[in-house]
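Trainee: Residues per chain are reported as follows:
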Amino acid sequence: MQKITREQLLEKACALLASGEVSCVLGWGAGEFGYDVTPTVFKTAEELKEGFVFGDFCGVNFSKYLVSKTQKLEGKILVFLKPCDTYSFNQLLTEHRFDREKVYAVGIPCEGMADIAKVKAIAGEGIVSIEAKGEKLLVTTLYEDAPVEIDAKDVLAERCVNCKSKKHVAYDELLGEEGDVLDSARFDEVARLEAMTPDERFAFWQNELSKCIRCNACRDACPACTCEKCVFDNPNSGVENKSPANSFEEKMFHIIRAFHVAGRCTDCGECSRVCPQNIPLHLLNRKFIKDINEFYGEYQAGAEVGARAPLVNYTTEDLEPGEVFDRRGENA
Amino acid sequence: MLKCSLDKLQALFAKIAENAKLYLPIDNSDGTASYGEWSEGTAWSNALNTTKSPKDFFFPQTEDLMKFKTEGKNIEVIDVRRECEDFVIFGVRACDVKSFDILDRVFLTEPRDSYYAMKRAHGIIVSVACQKPAETCFCGTFGIDATEPAGDVTAWKSEDALYLRANTEKGSALLDKLADLLEEGSDEAVTAQKEKTKKILDKLPLKELTTDAFGGGKTKELFDDPAWDALSATCLGCGTCTFVCPTCQCYDIKDFNTGNGVVRYRCWDSCMYSEFTRMAHGNNRLTQKERFRQRFMHKLVYFPENNDGMFSCVGCGRCLAKCPISMNIVKVMKKIGGNKGE
Amino acid sequence: MQVNEYKPLIVAFCCNWCSYAGADLAGNNRLAYPADVKIIRVPCSCRVNPMFILRAFQRGADGVIICGCHPGDCHYTSGNYYTRRRMAALFSMLDFLGIERARTRVEWVSAAEGAKFAATMNDFAEKVAALGENKRLEDLRCKK
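Residue numbers (this note's numbering), protein chains in the order written: chain A, 1 to 332; chain B, 1001 to 1342; chain C, 2001 to 2144.
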């Protein structure tokens, strides 16, 4: 159901490799069951032809990989960027995290990526292959004789249902058509939680965060988390911790992580995608984005290179922390 | 073979819970399942696997080892070990039952780990045969029969009944206490059930995966395999695979200063982390490739070398399902050592 | 029999240039404020990392207040403007997680405002006392 095909991307990649413009390609590698796609560094056209795939399960945001790969790999890297990935790309450039000269960015349109958990909820377990056919996904399982037909729209990942932009904010070359910034309903869930009583909110987050196993996948996948040494890994920081020893540690980690990326998070949704326990971590980031928009004016991290993030900026007229709740008329 | 009709299942759980704490897989609201304590009305999940394995019961993610209190120049050492009571873990899959054997090798050989041993001695495992294996399952690769799980009691679920067979003294003692709710059942229903499952097992996509290229003595051959570079190239270095793994058993011991004393605790550690086994001289695995290689070499080469050929993977498929970049032991086994899985 | 009246433990981060001097002035003027307010001196209110606040709660604080120079009067020109934005965001997040909003506060206290310092602490301690012990951000390991 993606408008751009694997063949188009393959052709582009092979041409750029052949011309010597790029020395390697950061792309999606085929898995075992059609949905388990692995980000892969391809160095030759043969490798690409054998392993490169593109489809509805290619949700991985490659931007973060550029930080390490531009340092390690020789020559220019070809990277394919979906609209939301380009925001992370710009934000990393703003923070001088990689050398722009070492990257050849090809913007590709995206119709939204599928969430395998939603596919399984409809088609059942035992998925051995998934094929895209127009607007449908044909899912072959161990338990059904014929492939189960699913509407791709029904299994969109949450971040794609609430897609904020189909516009590419950075690229060297664009395949397909340029899209627009969208009006999304991405803050609705945050607003729903805000409308709850503090006790209900506490119960909600206590339940969600208690599932955390501190695998750090949210942090390690996050394009905004690019510290070479995370404070939670540093034995000299005083807060280093390898496990969610109790509910305090769980909250500490997630509050601080969200705060560290506040104003820099582009809302790409990788944190929630990778969470093995399905904790809606994106809601913490969106809360900060929503607040920042309300307190200091609309701001989209990564929309342009060089923008000053709201939490490292100020005006003399900013509202006081105590007024945050007055504004909503909640401090009565 | 004993049998309990499914409509009496809750009564069975209630009976077990009279004498011991009962834990079983419970559905979460987000479609996953996890082990939780049974209380009246708690439904047993149909999920094939819980996200976190049941190793938590014997080797918890965080566990206090001892406490210290200081007063003046005196240090008081407080032993926090308490004799625990019997508990029942119900609904453990064949792969996870096998993982306990692997953990036993680590924790119950000298020097015995008293924390683990105590919980292990008091835990009663009721396993359940699989009926709907997933595409990610490959327990057969490690010689595990999903239709014939080990454990203190083995259970098979049919359309209308749960069939139970005790395998150990602990298991018999448990079933004896449940005698009121059990009746004699025939083996035929179980055999039919097994046949049905075996047909699906034969269709599993990873059925052909073998361990031929691995095992003790393969270190030199596999350590420098050029494929490690590409396999580990995009590993994020998170700990998901190790924390959902039923057989990963590495831990770290740390002191926590509470402000009025010290708690010494241990917590799971992951060989994927940059701080893993850090020593005074620094880290001995400096790149993600080395850390990545360590994990799979440990499971497929070092562990069998030290444990009579026993691999420390049970093919439960959790890492296949949960890795953020879908890199996993199956992809490694197919690339390293020329094993293409054909 | 003695009845133990509950007294909240308050941690006050005070900037070196204004609020700490303000606390000093309150003391010199013998203005009473609760003895359970523990003052931690920081070079500037913007030195306060959100982690400090959470760790104060972990270690048993029932309320945390940050005091700095009045906006515009920062010894380092703009430090407290950053504090203002950061703490607005952080406090809103703590509230989002269901943690009582009266447990955290930012107040601007100059070196000349000994009376304001004492009044602020009295008021804050009273509000925190009304909430009782901090249960939502406690670390049981740190309890006596």
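Check before you lean on any hint, since a few could be wrong.
[Stated by the list, open to error] No farther apart than 25 Å at their CA atoms in a straight line, the calculated lysine-lysine pairs in the DSS-like style are these:
| # | chain 1 | residue 1 | chain 2 | residue 2 |
| --- | --- | --- | --- | --- |
| 1 | B | K1069 | C | K2127 |
| 2 | A | K12 | A | K166 |
| 3 | B | K1067 | C | K2116 |
| 4 | C | K2116 | B | K1073 |
| 5 | A | K12 | A | K118 |
[Unchecked claim] Residues of chain B clear of chain A, computed beta-carbon distances all greater than 12 Å:
| # | residue |
| --- | --- |
| 6 | D1030 |
| 7 | M1066 |
| 8 | E1275 |
[As the list claims (entries may be wrong)] Over 10 Å on every C-beta distance to chain B, these chain A residues come out as not near it, computed from the model:
| # | residue |
| --- | --- |
| 9 | T38 |
| 10 | T40 |
| 11 | V41 |
| 12 | E50 |
| 13 | A117 |
| 14 | K120 |
| 15 | I127 |
| 16 | T141 |
| 17 | S243 |
| 18 | F295 |
| 19 | E320 |
It is worth saying that the hints were derived from the structure and are not from the lab. We treat Cβ as the ideally placed atom computed from N, Cα and C, and that holds for glycine.
Trainee: None of the hints should be skipped; say for each whether it holds.
Mentor: Here is how each hint holds up against the structure:
no.: 1; hint: B:K1069 x C:K2127; in the structure: violated, 34 Å
no.: 2; hint: A:K12 x A:K166; in the structure: holds, 21 Å
no.: 3; hint: B:K1067 x C:K2116; in the structure: violated, 44 Å
no.: 4; hint: C:K2116 x B:K1073; in the structure: violated, 44 Å
no.: 5; hint: A:K12 x A:K118; in the structure: violated, 32 Å
no.: 6; hint: D1030; in the structure: violated, 4 Å
no.: 7; hint: M1066; in the structure: holds, 15 Å
no.: 8; hint: E1275; in the structure: violated, 6 Å
no.: 9; hint: T38; in the structure: violated, 5 Å
no.: 10; hint: T40; in the structure: violated, 7 Å
no.: 11; hint: V41; in the structure: violated, 5 Å
no.: 12; hint: E50; in the structure: holds, 12 Å
no.: 13; hint: A117; in the structure: violated, 6 Å
no.: 14; hint: K120; in the structure: violated, 8 Å
no.: 15; hint: I127; in the structure: violated, 6 Å
no.: 16; hint: T141; in the structure: violated, 8 Å
no.: 17; hint: S243; in the structure: violated, 3 Å
no.: 18; hint: F295; in the structure: holds, 31 Å
no.: 19; hint: E320; in the structure: holds, 32 Å
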